[in-house]
Amino acid sequence: DAGITQSPRHKVTETGTPVTLRCHQTENHRYMYWYRQDPGHGLRLIHYSYGVKDTDKGEVSDGYSVSRSKTEDFLLTLESATSSQTSVYFCAISFNLAASYEQYFGPGTRLTVT
Amino acid sequence: EDQVTQSPEALRLQEGESSSLNCSYTVSGLRGLFWYRQDPGKGPEFLFTLYSAGEEKEKERLKATLTKKESFLHITAPKPEDSATYLCAVQDHRGTGNQFYFGTGTSLTVIP
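From first to last, the protein sequence lines are chains A and B. For the first sequence, my numbering gives the first residue as 94, with consecutive numbering after it. For the second sequence, my numbering gives the first residue as 234, with consecutive numbering after it.
Since the hints were made in silico from the structure, they are not lab data. Model, not experiment: these values are computed from the prediction. Possibly wrong hints are sitting among the right ones.
[To be verified] Capping the alpha-carbon separation at 20 Å, the derived lysine to aspartate or glutamate pairs in DMTMM-like fashion look like this:
1. B:296 / A:195
2. B:296 / B:315
3. B:292 / A:195
Please build the complete structure, drawing on both the sequences and the hints.
Structure representation (structure tokens):
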């Protein structure tokens, strides 16, 4: 298994509260990604990082921000959680070795916004 | 707009009954097509990467193929442990080349 951990694994929060999810890797991979997975939509890219302090938006970035101050950590923040952000969030990493971009996923965080 | 469509949504097979899953895609510039397996409550697990039409990859009972418009995941003589959701994803080469688009998956159940 790729060395990826996500915390917390489960969280219930109220509408309007800030929430931060953490992804930690032990592989020293350059690229890190945040996805959300919802029934009927599949996995959708929220934000990704291609290096420390280098991030870019994905398909569904509105309402989310990210930060990467160290190679091993990628944080996803919901500044003011809404019920539409109830989802399962997955972190992924890839090392882009020889232009190979396959991603390795963490175990996921189930977030419920009430 | 980039799109990935997988079919069927669900598939039930008897153990040993071979079949194929389909992934059709529309993307302006394909950098790679990926297949993943996802078990309930877990993150997707990488299976294959395909880069160009005509390419094939195999792993145990699974074989992935790629054309210019679609990919197939062939499952030969499946076993109950092959039951999972199989996801297809494409990588678009535009921009930084790090935009990935996933299909909604095919849920495979193999009955003993």
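In rising order, the numbers of the hints this structure does not comply with
Violated hints: none; all satisfied.
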